[in-house]
Amino acid sequence: MTELQKVRNQTGYVLIGFGVIVVCLTFLSWAIVNSWFNLEGTAAIVASIGLTLVATTGLALALEALIARPLLYLSRFISHIASDKPLDDNAIPDHRFGHDLVKESIKTLTGFVQRVEQSTTITTARAQVATDAFERLNQPFIALNNQQRIIASNNAARQLLGRDTLSGELLHEVLPITVDHESFLSPWINDCQETVVSADCSWLDSRFTNRDRQEYVFETHASFTRNEDNGLETVLLLIDVTDQHQADELKVDFAAMAAHELRSPITVIRGYLDVFETKLRDKFEPEEQAYIDKLKVSADQLNGFISNTLNVSRLDKGELTLHPEAHDWQPIVEETASNLQLRAEIYGKQLTLAMPDELPQVMVDPSSIAEVITNFVDNAIKYSKTSNQIAIEVSVDSSGWVQTTVTDTGIGIPANLVGKLFTKYYRSHRSKDNVGGSGIGLYLSKAIVDQHRGKIWAQSVEGQGSTFGFSLPPLKEAQQLLDTSNQVPGDRGHHGWIKNHSLYRR
Amino acid sequence: MSAKILSIEDDHFISEMYTQALLDAGYQVDNCATGATATEMIQNGDYDLILLDIFLPEKTGIEIVNELRDKQLLSDSKIIIMTNYMQDDISRSQLEALVDGYLIKANVVPSKLVEYVSQMLGQTGA
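Sequence order for the protein chains is A and B. Each residue of the first sequence is one higher than the one before, counting from 19 in my numbering. Each residue of the second sequence is one higher than the one before, counting from 633 in my numbering.
Next comes chain B alone, as it looks inside the complex (with noise of 0.2 Å):
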């Protein structure tokens, strides 16, 4: 059985180029565009990935790692942040302990991401 991944980005274009490459490299994704209904999403889905945005309507993806992780709800479920603003160090020091992996978004390209993630989660999604 594939992976199961959950994308949450509000950039459509990028949602959608990202989605499909991981689609076609045999992973089941959704995806979602608003911090709120991420987090719905997170707690009814069993997700083995999630690729997060940090600059979303409604919540900061940072505010929902910080929810996920009080709340206990990630399980097994691992976290890459998806990003294209940089952080100051502290920030980002503090973001990375509870997190994955932290990614560039202009510069993965599709891929790239396919490998990341292939290499995460010890499989391929075919």
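Extracted from the complex, chain A is given alone in its bound form (with noise of 0.2 Å):
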């Protein structure tokens, strides 16, 4: 039964119950007309009439009193406050009879809407302070609720993305924002969405180009609290950080500029190093020629140096993009071995090349993955002072993927530096004092081992010796591990194209 149907009903009662009640006072004035007054024909009729009349009217006006007439302040006290007028005394009527309950009732309600108004006041003025704020923040802000739709954002964020307004937008769609090329907000919140009730978040370089193809850099702050209703759930802070990077990367072009500059000289030192010892060899007492070789690997090391900073550079710009194609393993380790066995006779080391004959071939580009072995035995000279054995040794192991280690005597790393190796500009706590490096030889070696897929590691213990490896896959497994989309293409050979690794260094 609906609630119309029970006032219907009550409504039927109560008029069943009023008529009942008129009858009662039509009989009850009947017999007191009888028997008080004596009357009867018609002018009993019209004196019980008359009588139940007045009884009737007088229960009315009771009824009304007590029932209608508050109904109707009530009412006309809800109507000012559905009209939004200001309150005020008169809205509270002066009884005639003195209604107490009602009376303070209306003034209780008055009381509770007044409250309400002021909080209401209150919180509305508070939401305003908000909104100034946000929209005064200098920085994009922008809040969504659980679709990843924004419903809330301020004036640096809708000038960011060129929009009057960014209400109602899903946020992949307006703000395509990248870390390393990929898309990393909207899977962060897929991801809190699935795992987490609350979360917070911060990317510290992430990019995004706007329509005027402008690139920024920006801090990206996000927190997420889950929100099942369509409200307020994840809100995002964007700091703009580009004048930052771009002066990072002055520094970075800085000195790539640097070593591109400095390789012209570089070019004629070892140049003409070479033709001293090839016109001269046979000319040279001993200690001159070993005048020469010192300034020989000098040499080298500076070229060394100099390729590892211009790389180190393009790896930075994400611009490191290594050409691997099939190679036999042997001529390589062979030819970058015998390049440096000078280096190491000269700081009085025993370089040892040991290699199984046969073994698989692999995908590699063959001057950068040199660069690694060599960082290592460079690594090894500087870092085994009180031993003299260095030894590169060539094996392949139990999954047919090519091993290469160089193993050193030296002094060995903690244990819980070993991890920290592989890191930019990270020098061994030994090399802060007493070894020069620049710290970015295994950063650098990391990145090249990492774009032939294959694995890197240290080995270490404190006070006998480290070694460094790395392992490159066979052949078969090397070409479904690489994108050979990134090859070089492979139709240089009726050219002539000569296969030293040189020519491909870049």
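Honestly, the hints are just simulated from the structure, not real lab data. You may find that some hints are simply not true.
Unchecked claim - Derived coverage of chain A by chain B (criterion: at least 3 residues anywhere in the stretch with Cβ under 8 Å from a Cβ of chain B; other residues may be distant):
#1 271 to 283
#2 287 to 294
Said to hold, decoys possible - In silico negatives: residues of chain A with every beta carbon more than 12 Å from chain B:
#3 His-239
#4 Lys-297
#5 Leu-500
Note that the Cβ used here is the ideal one computed from N, Cα and C, for glycine as well.
Dock chain one against chain two, each of which comes alone in its own frame, and use the hints as you go.
This is the structure we're talking about:
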């Protein structure tokens, strides 16, 4: 039964009750007229009807005063609230019948409404302060619902995205911001929605290109609190760090420019040392040959450092792209070891090479992978002060991967530092005090091995020495792992393209 | 008859160093230091191999390569780019498709260059 039907039924009962009362009053009046005033016939009827009318009117007035009028005042009072007019004392009537209950109820209601009004005013004022604050914030601010649609944004966000309004827009459609060329915000929010109630995350190097093709670098800070309703779920604050990054990139560019400038003189220095050696080899006294050897090794080291610097600059700009091709591994390792032999000798080290007779072919960029071995051997030379042995060893592991290691029996590295060795600018605890080093050799080596889809590692026991190694997948597996679209086109054979690794050096 | 090589290089020290090494190896070597002269010399000489720097006065090595290929002036001449500057990956790949070798000068001492040239021409200079 609906509420309306209930009201109808109740109204019907009231009317029936009222009719019964009127009939009862009529009989009562008739009895009074008969018994008290001894009236009969027409006079009795008229007198009883008159008496009934008087009694009914009195009853109706009482009901009106007790029920209908308070309801009328309540109705007026509610109308006041609904019409949003200011409340005044006249809204509470001066009751002729002193309906204290109604009066008190209206007073209570009035107080409640006033408090609600005050609270709403305060809340509205606070919301306005928050809105003004976000609007005045000169960094983009965006709020999202659980559909990843924008429900609030500030002026900086709208300006960045070149829109008058962002409400209702899907985040990934209007803000295609990336880290390492991959979108990250939507995946993170999706992940949060599936796994957590709340989470915060920051990305310090996120990139966005606006409609005018202007590139920005932002620190993106996100805060997620799950909201099953359509309200606020994720807030994003983007802090523009473009200027700082440009300054950093200028530093990198300066390093690259300086390294480039160094290449011309080092070409001449290495070149004429080579000429010296070719033309005057037989005429040098042993002592003079030793001087030439030291010059050669130093020039080679400087050249290696210049190459490392340029490659790190390219790596940091995302431009270090290698082009692995199928090669036999033995000749590359042999040539690299041979090139390093003099360097080891000059520093009083004995460099040995151990390799099985047969090895599977590997996919390598020869000059780059040779740099990895060179960096390992350079490290071994620097950190094996008390030891003279440096061993290059090549083997095939149980998975068929070709493993190359460089082992020294020098001062070693504490276990807790081994994991940090391949990070940029990291210099071993020992090198800070007494050994020079830029801290980019192992960082670059890792990047090179990664690009070959290989594995790189370091093992060390402090006081006993270190082993640095990398392993490369055998040819077939490497071809599957490597993206063949990045390979150098293979149509140069008929040009007589020289298959010497220095030709491919970037 | 020994092979004929044109070395296009604007750095005098480097040009002299490579030229002398190639002469000592028995090759005939001409050299020039500007892009404009280089095009003219290639048109008038019948070179087996051209060693080409990229950053040259008046005309870059890349412009020279494109011009020679467009005018079909190269016939059987081979070209090795000799540079100390790194190209971005796209322009490097485009350039490599047009030439026969790409060397970083800082990594190529004169004796090594002679080795490469001999390998590419399939003959020694002597």
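Next on the checklist: For each hint given before, does the structure comply? Return the numbers of the non-compliant ones in rising order.
Outcome noted: 4
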